[in-house]
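Trainee: All chains should be modelled from the sequences, with the hints used to inform the complete structure.
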Amino acid sequence: MEGSAIKVNRSKTGRDFTLTVANLTFAYLKDPVLKGVDFTLEKGAVGLLGPNGSGKTTLLRCLLGQVPLKSGQVKVMGYDMAAQARLARSGLGWMPERGGIIPGMSGVGLVAYLGELSGMPARDAMQRAHEVLHYVGLADERYRKCDDYSQGMKQRLKLAQSLVHDPEWLFLDEPTSGLDPRGRISILELIRDLAWNKDMGVILSTHLLADVEAVCKEILVLRNGELLSRQVIDSKVREPRQVFEVEGFGDEEGFLAGLKEMGAEVVADGRLHLVTLDLARLTGESATEVAEQGFDTAAGVNAILGVATANDYALRRLRRRPVSLADEFYRMVEA
Amino acid sequence: MPVYDRGYTHWEPSGNRAWPAWWVIAKRGIAEPIKRRWLLVLLLFGFIPAIVKGGIIYFKLKAGDIVDLLGGGWSSIEPEGFLTFIEGQRFFVFVFLAIVGAGLIATDRRDNGLSLYFSRPLDLNSYIGGKALVVIFYYCLITLLPAYVLCLFSYVIAPEATGLDLLLLTPLRVTAYCLLTGGSLSLVLLAMSSLGTRSIFVMVWWTIMVSGTETVGAIAEGLGKGSFQAVNFLGNYHNAGSLLFGGSPRLDLNPWISLLIVVGWTVAAIMVLRSRIRPVEVVS
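Each protein sequence line maps, in turn, to chains A and B.
Per this note's numbering, residue 991 is the first one in the first sequence, and the count goes up by one each step.
Per this note's numbering, residue 546 is the first one in the second sequence, and the count goes up by one each step.
Treat the hints as calculated values from the structure; they're not laboratory data.
Computed from a predicted model, the values in this text were never measured in an experiment.
Glycine is no exception: its CB is placed at the ideal position from the N, C-alpha and C atoms.
Please note that the accuracy of each hint is not assured.
Under the rule of at most 27 Å between Cα atoms (straight-line distance), these lysine-lysine pairs were calculated in the DSSO-like manner [unchecked claim]:
| id | chain 1 | residue 1 | chain 2 | residue 2 |
| --- | --- | --- | --- | --- |
| 1 | B | Lys580 | A | Lys1135 |
| 2 | A | Lys1135 | B | Lys572 |
| 3 | A | Lys1207 | A | Lys1135 |
| 4 | A | Lys1144 | B | Lys572 |
| 5 | B | Lys580 | A | Lys1144 |
| 6 | A | Lys1065 | A | Lys1250 |
| 7 | A | Lys1033 | A | Lys1188 |
| 8 | A | Lys1207 | A | Lys1025 |
Label pairs and their computed distance ranges (CB to CB) [as the list claims (entries may be wrong)]:
| id | chain 1 | residue 1 | chain 2 | residue 2 | range |
| --- | --- | --- | --- | --- | --- |
| 9 | B | Leu717 | A | Asp1189 | 33 to 39 Å |
| 10 | B | Ala813 | A | Arg1113 | 39 to 45 Å |
| 11 | B | Val825 | A | Gly1094 | 20 to 26 Å |
| 12 | B | Ile745 | A | Lys1188 | 40 to 46 Å |
| 13 | A | Tyr1133 | B | Leu584 | 21 to 27 Å |
Mentor: And the structure:
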């Protein structure tokens, strides 16, 4: 049994806030749930996307050091989670999808209790509990038993308990699960405020793409335990592949053949043609370079205009179709 | 600036002392049952045997041997008499521990609380230690505390008849016995609690463990099969206690065998606890 409480290092200077996962493979029983996952994260808001059963929650549990790590390495803020998870956890906040409430306790009692368990002095924990409950909008309900809370209030309470010890990283597992639209927006606003204005690292695990788009600057996509993709969420630099809606009249066959010659994919959509251009191929740059520099829509427009002019095809419509995160996500996981 | 104007602020530690996690868990676990009034009433009932024994001791010390005939072992202020007193508390031990301890881990498992605990900087030993302290506290409250009071009471009313043994050696024996027994019982009860997710089932198993095995032991004794008394769960603790307090064994069984059985239960409980308490429930 430990002899004394964990000493919490609150100093922000000179500390390593990086989160590194190297070749992580994990299995609860026989079949691996995570297979060779590799990434490094600096502080910021990161979305963890993936279909059900893709290993999102397991990955978060590995980051928390809640499961025995046998293959690969997880380092959080400089601590090796296979051996030093306890030390790292004083700087980590965890909002579980299921449970996360200890029945019989008042809201403020629960948050203060978990604050004390995080290594805070009893007085500090109680004061912080009041503060974070104010912050999440439960000030008036803090003395009520948490068993009687509505689903939305429980989610807020879970967020409050994960914040009480002022963690550096916040791991949120489906934080908007079971919330009505208004509750969902308000929770997302809180998370966004923490990540964007309060310098807190946030990993948001969800299958709701809109939640990720609202909060995160970057996404990690998991499928069947493998890290499928890592992308910056920004319509400008998201993907080298761009889709254009094209409609016109004239030598349609020649125009379509010209586009295909250029390497474009063309799909008919009613009267429209959906032309997908790969900018990397068009400009001869690598996908990474394109992603770093950003995508210039003009290059795609000019290329299509060039083919249309060469084939006497008069364009009635030429418009870039915005690619939503959902489109990309489904394209990736269904590929 | 008022709290409600500030939004989220970072925590600035005050420099006050933080308590170890096991103490935080124990503190809450001890405070929780006290909120139930009926439990306090039951606790008062648990003190009645001590009051009765105190009365008998008083009359014995004042009225002489005649009370021995009425009180039997209860009037004894020899160490063995205190073991008899603790043994007599077994009904309250059974009831109190069931109420206080059955849900300690089962409830956490049911509500996915383990995941919450182990997202904090505490280890398995702290968690088990904190929970065990809750059970030990209530066990000692109905055994150790009245025994101390009785020792002191006996010495105060007749210091010349009791001697310093009653102030020093007997309390030491009682302390050692209660802490060891309480520790072992707490681990066994917590192990049972970790096997289920509903307190009521744990209580049923605890009843079988305590009352059921005592009944079987009594039947075995009636049939003259002394070795079968080894199944008497609480009886083994009292029988092993006779090694510490002296006097005749409580069961028709070598006290050393009882001690081995108690150690076996304790080791098994620790193994169960270590394998069952995990932040992640794996369904195979």
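Trainee: Each hint needs a verdict: does it hold in this structure or not?
Mentor: Evaluated hints:
no., hint, result
1, B:Lys580 <-> A:Lys1135, "holds, 14 Å"
2, A:Lys1135 <-> B:Lys572, "holds, 19 Å"
3, A:Lys1207 <-> A:Lys1135, "violated, 36 Å"
4, A:Lys1144 <-> B:Lys572, "holds, 25 Å"
5, B:Lys580 <-> A:Lys1144, "holds, 24 Å"
6, A:Lys1065 <-> A:Lys1250, "violated, 47 Å"
7, A:Lys1033 <-> A:Lys1188, "holds, 11 Å"
8, A:Lys1207 <-> A:Lys1025, "holds, 25 Å"
9, B:Leu717 <-> A:Asp1189: 33 to 39 Å, "violated, 57 Å"
10, B:Ala813 <-> A:Arg1113: 39 to 45 Å, "holds, 41 Å"
11, B:Val825 <-> A:Gly1094: 20 to 26 Å, "holds, 24 Å"
12, B:Ile745 <-> A:Lys1188: 40 to 46 Å, "holds, 44 Å"
13, A:Tyr1133 <-> B:Leu584: 21 to 27 Å, "holds, 23 Å"
Of the numbered hints listed earlier, those contradicted by the structure are 3, 6 and 9.
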